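Based on the hints, put chain P in the right spot on chain L.
Number of protein chains: 2
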Amino acid sequence: MKVYVIGIGLIGGSMAKDIKFLYPESEISGIDVDGDHLQQAKTLGLIDRQGTIDELKEADLVIVSIPVDALLQLIPNVLDTVGEETLVIDAGSTKALVCQMVEKHPNRRNFMACHPIAGTEFSGPSAALRGLFEEKTNIICEVEKTAFKLQEKGLKIFRKMGMRIRYMNPVAHDKHIAYVSHLSHISSFMLGKTVIEKEKNERDIFDMAGSGFESTVRLAKSSPAMWTPIFKQNKNNVMEVLEAYIENLQAFQSKLKKDDYEGIYNEMDNTNKIKEILKGIPLNKT
Amino acid sequence: MKVYVIGIGLIGGSMAKDIKFLYPESEISGIDVDGDHLQQAKTLGLIDRQGTIDELKEADLVIVSIPVDALLQLIPNVLDTVGEETLVIDAGSTKALVCQMVEKHPNRRNFMACHPIAGTEFSGPSAALRGLFEEKTNIICEVEKTAFKLQEKGLKIFRKMGMRIRYMNPVAHDKHIAYVSHLSHISSFMLGKTVIEKEKNERDIFDMAGSGFESTVRLAKSSPAMWTPIFKQNKNNVMEVLEAYIENLQAFQSKLKKDDYEGIYNEMDNTNKIKEILKGIPLNKT
Chain L
1 MKVYVIGIGL IGGSMAKDIK FLYPESEISG IDVDGDHLQQ AKTLGLIDRQ GTIDELKEAD
61 LVIVSIPVDA LLQLIPNVLD TVGEETLVID AGSTKALVCQ MVEKHPNRRN FMACHPIAGT
121 EFSGPSAALR GLFEEKTNII CEVEKTAFKL QEKGLKIFRK MGMRIRYMNP VAHDKHIAYV
181 SHLSHISSFM LGKTVIEKEK NERDIFDMAG SGFESTVRLA KSSPAMWTPI FKQNKNNVME
241 VLEAYIENLQ AFQSKLKKDD YEGIYNEMDN TNKIKEILKG IPLNKT
Chain P
1 MKVYVIGIGL IGGSMAKDIK FLYPESEISG IDVDGDHLQQ AKTLGLIDRQ GTIDELKEAD
61 LVIVSIPVDA LLQLIPNVLD TVGEETLVID AGSTKALVCQ MVEKHPNRRN FMACHPIAGT
121 EFSGPSAALR GLFEEKTNII CEVEKTAFKL QEKGLKIFRK MGMRIRYMNP VAHDKHIAYV
181 SHLSHISSFM LGKTVIEKEK NERDIFDMAG SGFESTVRLA KSSPAMWTPI FKQNKNNVME
241 VLEAYIENLQ AFQSKLKKDD YEGIYNEMDN TNKIKEILKG IPLNKT
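Residue numbers (our numbering), protein chains in the order written: chain L, 1 to 286; chain P, 1 to 286.
Okay, chain L solo, but in the shape it has when bound:
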């Protein structure tokens, strides 16, 4: 199997690792605008060789795992080049725009719009992990627009990686993912910012921080190059969830101001049911 990974970072690199393990005979070529990343990916054994876009007509599978702004520009070019049997997948955290972008492309059938909900706060080839996708959800949008044989090819690989498959329309995906992923990143970044600003003259204060703080600011380590275009593409949904979040914080603040501790207790007690809701989420141990 000839595999091309465009963007050999955390997600692309982890997919490359799994594919090399599951299909030892496969040849994995890497394409990346960052020469250092390419070199690292080769040294780490994530890829066998460097590839070029021109070669994609030979590819069985093309994984495009790059920031979602670059993705929108590149996917049409990739589809221009592919062969009949080539399956192209992406891994972007927004789905509406990419689906819209390829809608009328003559090779739309070669593309499967994917969002594997997996990752860590780290980035680059050295962050790649074998087994990252195990028991994670892969959301596939507009699956009916992908050629049936290519759907089968993709699903087989995803299942071997251990992923659960879920089908969704791209607009619904972007709306819900704003709540369960994009908002978490903003809350974490702004929490990190608040504490760094206020405590900048007291660097040694951070040894007062425990695992609870670490857990809530973990995502503030995420890559700005990846996240800025996600917030841009999903602006309307993100604006809406952010508004709701700020309103809830203000309501909490106002209860505290009025010494309404019964109200504060009830807020927390009601939210405790998140325990039940979270039960199914597999934790990332890294």
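Since the hints were derived computationally from the structure, they do not count as laboratory data.
Since the list can't tell identical chains apart, any single copy or any two copies may satisfy a pair.
For lysine to any residue, the following SDA-like pairs were computed, each having C-alpha atoms within a straight-line distance of at most 25 Å:
| hint | residue 1 | residue 2 |
| --- | --- | --- |
| 1 | Lys235 | Asp260 |
| 2 | Lys257 | Ala244 |
| 3 | Lys198 | Lys255 |
| 4 | Lys273 | Ile196 |
| 5 | Lys235 | Asn248 |
| 6 | Lys198 | Ile246 |
| 7 | Lys145 | Leu72 |
| 8 | Lys257 | Glu243 |
| 9 | Lys255 | Asp69 |
| 10 | Lys275 | Thr120 |
| 11 | Lys17 | Ala127 |
| 12 | Lys273 | Ser126 |
| 13 | Lys198 | Gln253 |
| 14 | Lys235 | Glu214 |
| 15 | Lys257 | Ile246 |
| 16 | Lys258 | Ala225 |
| 17 | Lys198 | Glu247 |
| 18 | Lys257 | Val171 |
| 19 | Lys42 | Gly131 |
| 20 | Lys198 | Ser254 |
| 21 | Lys17 | Gly35 |
| 22 | Lys198 | Leu256 |
| 23 | Lys198 | Ala251 |
| 24 | Lys20 | Thr120 |
| 25 | Lys257 | Asn272 |
| 26 | Lys258 | Asp69 |
| 27 | Lys153 | Arg109 |
All values reported here derive from a predicted model rather than from experimental measurement.
Structure of chain P alone, referenced to chain L:
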């Protein structure tokens, strides 16, 4: 060693476990307003027997690990009862009020005001863990007001549990802990609330949530009975940090509204330095 644990939950129970392991000959008595918890603690082997406040004059060590409102009321009674050699420690997340409360107590020398920065989002005796305090920071306030021999006794036990010791004045403690702990809990509770409210009719949306979401809402599982009095006692500091947090979120929102993606990128890029800051924090693996 005769040890009394008043409040046999996550913290008290974990201390009991460590003490039983480190000092196998010790006798651990439990006191708790919750009869079920007492029974569970006995079944789990956290305590040897049920104790009463009257017996405290015989105690070598009294650990008071109860919500901070109950703590304020109980500590003077405990100090009324203790013997010459009894060391009383607490584990509350606020320190200014408890230090003020005992300031003029004739047995002030028997008390050491402690805040071991350790825990999980779970509560009750079944949440108790051996080794919970390993490599965690224990903040001790106004140590000079504790009798020197009792300081030595306490420090020896804490060191055996693997804790790092840090001395601080109680007012500074409460100010800084609002940033690195109390704010994280509010941000997490309100994040959980926002998502539960908005997605209440779409329960199956939560399998879209990944480990990032889980990480940021983990603390929303925490006990309201424990956290409400903490927010009450530390109201002024919490109001201040919450205000700063909301302002930062609003600034982010306003950048997004104006399509200032360079500004958004820079915010995140600047906050990435939290990576360096967090390096020293030992994670809780539970």
